[in-house]
Amino acid sequence: MMAYSARTTISKLFNRRRFSLTPRPGSPHFSTSAAVASEPPPPPPAEVLNGPRILGMVKEYEDYRRNLYGGLTHKALLVDAVGTLVVPSQPMAQIYRQIGEKYGVEYSECEILNRYRWAYGQPWGRSRLRYVDDGRPFWQFIVSSSTGCSDSQYFEELYNYYTTEKAWHLCDPDAEKVFKALRKAGVKVAVVSNFDTRLRPLLRALKCDHWFDAVAVSAEVEAEKPNPMIFLKACEFLGVEPEDVVHVGDDRRNDVWGARDAGCDAWLWGSDVKSFKEVAQRIGVQV
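Taking UniProt numbering, I'd label the letters of the sequence shown as residues 1 to 287.
Calculated from the structure, these hints are not laboratory results.
With a Cα cut of at most 25 angstroms, we get these calculated DMTMM-like pairs of lysine to aspartate or glutamate:
| # | residue 1 | residue 2 |
| --- | --- | --- |
| 1 | K277 | E243 |
| 2 | K184 | D213 |
| 3 | K274 | D244 |
| 4 | K274 | D251 |
| 5 | K177 | D244 |
| 6 | K274 | D209 |
| 7 | K184 | D174 |
| 8 | K180 | D272 |
| 9 | K207 | E220 |
| 10 | K166 | E176 |
| 11 | K274 | E60 |
| 12 | K166 | D151 |
| 13 | K177 | D213 |
| 14 | K180 | D213 |
| 15 | K177 | D250 |
| 16 | K166 | D209 |
| 17 | K184 | D172 |
| 18 | K274 | E62 |
| 19 | K184 | D244 |
| 20 | K207 | E157 |
| 21 | K180 | D244 |
| 22 | K59 | E241 |
| 23 | K180 | E278 |
| 24 | K277 | D244 |
| 25 | K180 | E165 |
| 26 | K177 | D272 |
| 27 | K166 | D133 |
| 28 | K277 | E176 |
| 29 | K184 | E236 |
| 30 | K277 | D174 |
Computed spacing ranges between beta-carbons, pair by pair:
| # | residue 1 | residue 2 | range |
| --- | --- | --- | --- |
| 31 | R252 | C110 | 25 to 33 angstroms |
| 32 | R128 | S89 | 26 to 34 angstroms |
| 33 | Q98 | G71 | 48 to 56 angstroms |
| 34 | E236 | G186 | 14 to 22 angstroms |
| 35 | N114 | A185 | 42 to 50 angstroms |
| 36 | E222 | E278 | 31 to 39 angstroms |
| 37 | S89 | F141 | 20 to 28 angstroms |
| 38 | R204 | E60 | 37 to 45 angstroms |
| 39 | E109 | K274 | 25 to 33 angstroms |
Since this is a predicted model, take the numbers as computed values, not measurements. Glycine included, every Cβ here is placed at the ideal spot set by N, Cα and C.
Sequences are here, hints too, so could you generate the full structure?
In structure tokens:
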């Protein structure tokens, strides 16, 4: 009964529905195309968030899952790409300026960054999907808006740079060892990313494509996080049910809320977990 109680409480606390395809009276506007609420729900009551109590509930819930799945808390792990698996080797604005100098780009890195943030936040297309196929139309808009340069050669050089090994590095040098241990223990692993079709070539360039059982790319499945559909597609690719899956990512809205709305468990990278070794240990696999 204690395990069941913990499971029920944890589910209510962490898996509250944050998306709806139909607006409710008095609720904020909802978008049917992206299934994204414009405002988060109110937080749980303060007494529920008592530190020792919630930690005890989490441990009890994870013990329950280990008993259910033969020592493991989850049957599959989903991993976000940018910000969790890999990060740019150099700041974006620095690269935009360095490559752009020979094409007449004069904005400072600070100006490029500010203009990039503005451009990235603009509505994009009727479907609201930024990454369609190779994503070129979207990225052409971003690059020209960020730098003031619409030179096609500049764009192609910059676009191709981000498909190369030198543009990225792994967030965690132990990633390969951990993923091998997880898969050996029977835990399936997949990448789930808002990215265009360059992601697969990029994973090959980084020599890490063989670490994963599946890759769910928003440009291919036509759904971007936090839309639950991309997580459900990843579960389908792996042949597992959402409730048997945990997703790890660095964005609370896109990764944590989106995954939980799909019925998956979710841990915030850099907060709930800070290394893939810690991820494996929480699942129940020693590395």
